[in-house]
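Asks: Position chain B against the provided structure of chain A, taking the given hints into account.
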Amino acid sequence: MALSGVDLSVGRGEFLSLLGPSGCGKSTILRLVAGLDTPTSGRIDWAESERGRKGRPRDVGFVFQEPTLMPWARVWDNVWLPLRLKGLSKREAAPRIEEALESVGLAEFHRAFPRELSGGMKMRVSIARALATDPSVLLMDEPFAALDEITRFKLNDDLLRLWKDRGWTILFVTHSVFESVYLSTRIAVMSGRPGHVAETIPIDEPSPRTPAFRTSPAYADYARTTSDALATAMAAPAGEETAA
Amino acid sequence: MSETASIDAPNRQRTRKRLDRALRIVLPLIVLAGVIYGWHYVVKANAIPPYILPSPELVLTTLIDERALLLPSLATTLTVTVMALVLAVIGGVLLAIVLTQSRIIEYSIFPIAVVVQVTPIVAVFPLINIYIDDHLTKILLCAWIIAFFPILSNTTLGLMSADRNLKDLYRLYHASRWQTLRHLLLPAALPYFMGGLRISGGLALVGAVVAEFVAGTSGFGSGLATRIIEAGYQLKIPRLFAALALISASGVAIYVVLSIVSNLVLGRWHESAMEGRR
Chain A
1 MALSGVDLSV GRGEFLSLLG PSGCGKSTIL RLVAGLDTPT SGRIDWAESE
51 RGRKGRPRDV GFVFQEPTLM PWARVWDNVW LPLRLKGLSK REAAPRIEEA
101 LESVGLAEFH RAFPRELSGG MKMRVSIARA LATDPSVLLM DEPFAALDEI
151 TRFKLNDDLL RLWKDRGWTI LFVTHSVFES VYLSTRIAVM SGRPGHVAET
201 IPIDEPSPRT PAFRTSPAYA DYARTTSDAL ATAMAAPAGE ETAA
Chain B
1 MSETASIDAP NRQRTRKRLD RALRIVLPLI VLAGVIYGWH YVVKANAIPP
51 YILPSPELVL TTLIDERALL LPSLATTLTV TVMALVLAVI GGVLLAIVLT
101 QSRIIEYSIF PIAVVVQVTP IVAVFPLINI YIDDHLTKIL LCAWIIAFFP
151 ILSNTTLGLM SADRNLKDLY RLYHASRWQT LRHLLLPAAL PYFMGGLRIS
201 GGLALVGAVV AEFVAGTSGF GSGLATRIIE AGYQLKIPRL FAALALISAS
251 GVAIYVVLSI VSNLVLGRWH ESAMEGRR
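First to last, the protein sequences are chains A and B.
Numbered according to the numbering used here, the first sequence spans residues 1 to 244.
Numbered according to the numbering used here, the second sequence spans residues 1 to 278.
Same shape as in the complex, but just chain A (with noise of 0.2 angstroms):
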């Protein structure tokens, strides 16, 4: 079993982040969350104005923790995809599909092929895919993880201003508290075997953030509060419950 009695509620327009050691189920959660796995107990409800067939949310985005580029498609067709499986035409994609990859940066790379891209750029890609429905959830599973501090924090930013400027819920897989203190309102703390959410951590820090957070004494100490309560999470002893 990999996960057991998680109980998460997610408002509109927060941006959660579930932070704990690898392997406690927080892709698992992602996973489920987008209907990709089918839980074998419990349930998922969503808010009528988001429910799809089948269980399924009716419109979210996800970021992978690889690029998850096709590689023989160029950057604007992989953009596509996701208006193309729902039957858009070339034509009709492109506004949306432009202004996607205007807002992460790369409209003047459209016509490049993945292979030829930084790490980082591949990564704009993706989430300018991940944008172009324009869904209302979206769901980053660890995507910044492979990229350097310096790609990390720079995208950090860009998805700040993103979530502010759409109104979005985003669902935020991390192993970073720093970055899981930066960029939530609210982080979750998971433990494993099986996982939990051992303690939610609100960031009542107003929005939008700018990288003079990084050094302020506000950061610091909810970046110790993060780490004990990771801490306390993983030291407890496998399967017992932590009172939330």
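Don't take each hint at face value.
Computed footprint of chain A on chain B, listed as stretches where at least three residues anywhere in the stretch have a Cβ under 8 angstroms from a Cβ of chain A [stated by the list, open to error]: (1) 178-187; (2) 237-244.
Keeping only pairs whose Cα atoms sit at most 27 angstroms apart, straight-line, the calculated DSS-like set for lysine-lysine is [as the list claims (entries may be wrong)]: (3) LYS86/A with LYS167/B; (4) LYS90/A with LYS167/B; (5) LYS164/A with LYS154/A.
In short, the hints are calculated from the structure, not lab data.
Backbone N, C-alpha and C define an ideal beta-carbon position, used for all residues, glycine too.
Replies: Relative to chain A, chain B alone:
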């Protein structure tokens, strides 16, 4: 000092790449020329009679003098080869698509395809001879059986090797089975298919020649294999060598053409088609 090095580096690299490409063409040609010269020398020095080993220049003159006989045979063999290859592509790809639709179908049919493949065609031919009258159909069937397997197995492997996350992405966006096949699985299988195609091209030629050997001639125009058999009976060894040279040249031509096609199709996206590969 370091500045010059950094300016020169890309140039030097390009020069080395160009040299590398030239070597790949020139070196085999030098070896081939050496072998032909050695052949010529051995025949001359030992005064070997042409009915045992003709000299290379005699083979060449025979090729030119008897072109009226040899070229139509070449055309026949090539026609069978190309038709068999086209059928192998159609059959192999369609079967691969069917096999990958469900595990049940794959488990039931793939072993049968292996059985067909591992049974030597020469041993099966007497049966084909009994069941099929038409000469061309007979030969085509043989060449097809030999040529289709690499396409089937490579394409099957390719269809199953699409990125798992991409498959999830297609599910997430409610892609239909056809959309997933068309936009994800087939493109992902393309490099594998191309690898299979290059093998099958050569095998189709082998199939066309072998089939003619066992089927003999009748009705449909005679291919190069028939010329070789005839030449053997009549001890026209230079003609035999000339026909053999044509078969080898065809094989090389097929390989080169399919390699070029593969590079064009995979273009800029696949590693195997990139410049400067070792």
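Asks: The structure should be examined with respect to each hint, and the outcome stated for every one.
Replies: Hints, verified against the model:
1. 178-187: With 4 residues closer than 8 angstroms to chain A, the stretch 178-187 of chain B meets the three-residue bar; holds.
2. 237-244: Check failed, 0 qualifying residues.
3. LYS86/A with LYS167/B: holds (16 angstroms)
4. LYS90/A with LYS167/B: The hint holds at about 22 angstroms.
5. LYS164/A with LYS154/A: holds (16 angstroms)
Hint 2 from the list above is the single one not met by this structure.
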